[in-house]
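Hints given; two lone chains; assemble the complex.
If you read the protein sequences in the order shown, they are chains A and B.
FYI, this note's numbering numbers position 8 of the first sequence as 8, with every residue one higher than the one before it.
FYI, this note's numbering numbers position 35 of the second sequence as 1035, with every residue one higher than the one before it.
Hints in this document: simulated from the structure, not taken from any laboratory.
Check each hint, because a few of them may be wrong.
As the list claims (entries may be wrong) - These stretches of chain A come out as covered by chain B in the derived footprint (C-beta under 8 Å, 3 or more residues): (1) 40-50; (2) 108-115.
To be verified - Residues of chain A clear of chain B, computed beta-carbon distances all greater than 10 Å: (3) Glu17; (4) Thr18; (5) Gln56; (6) Gln57; (7) Thr87.
Fair warning: this is a prediction, and the values are worked out from it, not measured in the lab.
We put the beta carbon where it would ideally sit given N, CA and C, even for glycine.
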Amino acid sequence: AQTVTQSQPEMSVQEAETVTLSCTYDTSENNYYLFWYKQPPSRQMILVIRQEAYKQQNATENRFSVNFQKAAKSFSLKISDSQLGDTAMYFCALRSWGGGSNYKLTFGKGTLLTVNP
Amino acid sequence: ETGVTQSPTHLIKTRGQQVTLRCSSQSGHNTVSWYQQALGQGPQFIFQYYREEENGRGNFPPRFSGLQFPNYSSELNVNALELDDSALYLCASSQGNQPQHFGDGTRLSIL
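Looking at chain B on its own, in the form it has when it is part of the complex (with noise of 0.2 Å):
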């Protein structure tokens, strides 16, 4: 069984920039959802997808957006980068009402 898996594991951007995080679901898994870490925090839940479409979405500008693909792979994009978007971004994926299953995380760093 493969785990969910990131990428990449380290990025280094400037402010006014704009990324895109890469998340793997597990096998089986139809619903990802995302969420940033901040230094010495807990996750901060952004959003969910399901089969493709936005399911939930927390206390995250719109520049915080995301996709899903059909075999429920996900991207989360981030536009017109601030430093306070240094962070951890976890990657979680979960099928019906069993569990969430992270990920490594990518380390996300502003200048």
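So that you can see chain A by itself, here it is in the shape it has in the complex (with noise of 0.2 Å):
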């Protein structure tokens, strides 16, 4: 089974400052995706950044970068110059590479960010 774990459950950081919010996952699959979602309070699940396993590169999305360890199973999300409109819910997502129901996610608990004036 898979499983995604989110220990933070809320964190708050200053405008135009730097925020990472931490992610560990767990998967017996050699590859997969990792991918961090936002969800406003406006409740639509918005794609933010997205990680392949076998890519040793880790993914940046202009100010959203991740730090990508595959053998400690770990996946952060680091926000750089963070913007009041990065105020949500963020949440780590787990994907199997290979396809029918593999397709589905696995999510975290997620990390409540506030971004304060």
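Structural data, given as structure tokens:
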């Protein structure tokens, strides 16, 4: 069974500063995908960034980057130059590489990030 | 490009009733997944449909059932509603190995 753990229920950061959200996971597979999704109060789950497990290079998307440590099964999200619009619940998620029902996402419990002015 | 749309936005039901939630997938997507998100929790996988067939199921009882139509839209049906079914129900569509795109969800309240 796959599991995803987010150990920080809540975090806060000052506008323009940098914050890192933690995620650890467990899977018996060698190839898989990892994701960070953002869920603002509007409820829609928005994809922030994706990492393929076979890639050693950490993914980046503008102000968002990840630190992927495959051996440690760790996948943290760094948000640089935090903006008020970054305030949201952030979910770490894991998906198997293969097809069929392996397309399902396994989510952590989330981290509520508040960006303060 | 039209995104994933869900209806209704909110729904209030009583215990024992039945409910149908609807989802239109994003243009070009042939796979639809449904998730249940209880308050303060991460989404939990209910099931997935691919080309009108159930393609995987999470740990949910048979009273949770679904359909996918030829246009790839989907329905989630829940029979004999229980208080614990109160949650946000999220639909996500995808194509192949691409990431899932989510709708805004349906908030279901059971009285």
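Results of checking the hints against the structure:
1. 40-50: holds (count 7)
2. 108-115: Check passed, 3 qualifying residues.
3. Glu17: holds, 26 Å
4. Thr18: holds, 24 Å
5. Gln56: Correct as stated: the minimum Cβ-Cβ distance to chain B is 19 Å, above 10 Å.
6. Gln57: Answer for Gln57/A: holds, closest chain B Cβ roughly 18 Å.
7. Thr87: Correct as stated: the minimum Cβ-Cβ distance to chain B is 17 Å, above 10 Å.
Hint check: no violations occur; every hint is consistent with the structure.
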